[in-house]
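Number of protein chains: 2
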Amino acid sequence: MSWLQEKDFNGFTERKFEIPSYERTVPGVYWEPKSGAKRLVMLGHGGTMHKRTGYILTLAHLFLQNGIAALAIDGPGHGERDPAGAWRGGQEEFKKAWTSGGGTKTSTEDWGESLKFIEGDFGVRPVGWWGVSMGTMMGIPFIASCKKISAACLGLMGNWGPNKSDLMKLAPEISCPVRFLAQWDDEIVPIGGCLELFEKLGTKKKTLHGNPGAHAAIPNFEFTDSVKYLTKHIK
Amino acid sequence: MSWLQEKDFNGFTERKFEIPSYERTVPGVYWEPKSGAKRLVMLGHGGTMHKRTGYILTLAHLFLQNGIAALAIDGPGHGERDPAGAWRGGQEEFKKAWTSGGGTKTSTEDWGESLKFIEGDFGVRPVGWWGVSMGTMMGIPFIASCKKISAACLGLMGNWGPNKSDLMKLAPEISCPVRFLAQWDDEIVPIGGCLELFEKLGTKKKTLHGNPGAHAAIPNFEFTDSVKYLTKHIK
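Residue numbers (our numbering), protein chains in the order written: chain A, 45 to 279; chain B, 45 to 279.
Only chain A is shown next, with the shape it has when bound in the complex:
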């Protein structure tokens, strides 16, 4: 198990892979400019979504245009790792999928093994993290455990959900620069809890960008600006 098919991705290269992680098989995807890349970003998808969901592809493309390779995997109980098929459930179903998929421990191990696999083939490069909502549920524990992440975009998550105690416990260990996106009218993760999690982040270099609107309504300019932010700070 390792590299699967390779295909064109809007002029860049996309390669799927499957790797072993402990007793599991983790499906992932890796995008790279045809001339290679000197930096890497890890893209953590949101709850009920998967490694090739719409905005992850958009982000991959934006980073590729800036010469940065991108890596995504399906999180616990999500995407190709969803035993029940393509569920699109509510919060309770999401929490069940996360937890029965192994939660924080599985996610952290799988992202670690995936990075190791990519670094084995392409070498060690400066690496960043982009992930909001479940992308932050995966991101904070991974960044705290890995210590290689030079900058992160996080958000849409708070003192909330099935791994909130991990998030609140591990956030103080985050020491890299962080851009944190928050939606003032978040109907899933209430803004108050998001502000609490932002406060807990240990880094002094953190900026919260708060906008009106619902959980999934981050303005487009925050996406493009977050890519500029990471492009500047992954080093």
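FYI, nobody ran anything at the bench for these hints, they're computed from the structure.
A portion of the hints provided could be inaccurate.
Copies of one chain are not kept apart here, so a pair can be met inside one copy or by any two copies together.
Claimed, not checked - The calculated EDC-like cross-link candidates involving lysine to aspartate or glutamate, where the alpha carbons are at most 16 Å apart (straight line), are:
| # | residue 1 | residue 2 |
| --- | --- | --- |
| 1 | Lys248 | Asp229 |
| 2 | Lys51 | Glu124 |
| 3 | Lys78 | Asp126 |
| 4 | Lys140 | Glu217 |
| 5 | Lys213 | Glu136 |
| 6 | Lys248 | Glu266 |
| 7 | Lys249 | Asp229 |
| 8 | Lys78 | Glu50 |
| 9 | Lys60 | Glu50 |
| 10 | Lys244 | Asp229 |
| 11 | Lys249 | Glu217 |
Fit chain B to the given chain A structure using the hints.
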């Protein structure tokens, strides 16, 4: 009373003026590129400061470099309008100066007369507002009354201080795009009240940028980025 001396300002033109506003005399300053400007920004200084305080000059220079003229006046009880001379007092002294200087009503009238004066000489142009702390105490009532402001940078102010009831009452009338700067460890205007004021702003196009640190410790990148923001949105 009108234009006073003109001088060079780092390659741009600076002109002081004094205008009548109701029964008062308002001292102001106007900066313009030598070739003129098609847009204007109003710069509201912070409490205990004045129209030519350090960061106001920095902002003026940044806007001028983008081809935008700038206007600043001394707020109520401040700068050349401080009858007691150059006080640099604490919060109590500041509140006394603001209130005995005429507070919200005086500030709003004086900014209105100043804009009228500048528009009389240079014509009506798209206009923006930049002002945090006391610059927001002046800005929210002025923007609510004037309706000409096409975008504003506000912040460091909340449900706080001598005109807090005006701010909370008038914030819902703000309908232009707003960038709102907040400092998470603000020792003067607590962050909770700042978030309340941000929430009250009536515009749907508002973004809060929150950073760690004290009241006067807005990171430099927020200054430069706010200038980019207004340069984009003053139209």
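Evaluation of the provided hints:
1. Only between protomers do Lys248 and Asp229 lie at most 16 Å apart by alpha-carbon distance; the minimum there is 11 Å, versus 26 Å within a single protomer.
2. For a Cα distance limit of 16 Å, the shortest separation of Lys51 from Glu124 qualifies neither inside one copy, at 19 Å, nor across copies, at 69 Å.
3. In this assembly of identical chains, the alpha carbons of Lys78 and Asp126 never lie at most 16 Å apart, being 32 Å within a copy and 65 Å across copies at closest.
4. Neither within a single protomer nor between protomers do Lys140 and Glu217 lie at most 16 Å apart by alpha-carbon distance, with minima of 27 Å and 44 Å respectively.
5. When the C-alpha separation of Lys213 and Glu136 is checked against a cutoff of 16 Å, the pair qualifies neither within a copy, at 23 Å, nor between copies, at 40 Å.
6. Within a single copy, Lys248 and Glu266 get their C-alpha atoms only as close as 21 Å, which misses the 16 Å cut-off; across copies the closest is 15 Å, which meets it.
7. Taking the shortest alpha-carbon separations for Lys249 and Asp229, only the inter-copy value of 13 Å comes in at or below 16 Å, while the best intra-copy value is 25 Å.
8. In this assembly of identical chains, Lys78 and Glu50 lie within 16 Å of each other by CA distance solely inside one copy; the values are 12 Å within and 58 Å between copies.
9. For the homomeric pair Lys60 and Glu50, the shortest alpha-carbon distance inside one copy (7 Å) is at most 16 Å, but the shortest distance between copies (66 Å) is not.
10. Taking CA atoms no more than 16 Å apart as the test, Lys244 paired with Asp229 passes between copies only; the shortest distance there is 13 Å, against 21 Å inside one copy.
11. Taking the shortest alpha-carbon separations for Lys249 and Glu217, only the intra-copy value of 13 Å comes in at or below 16 Å, while the best inter-copy value is 34 Å.
Of the numbered hints stated above, those contradicted by the structure are hints 2, 3, 4 and 5, listed in ascending order.
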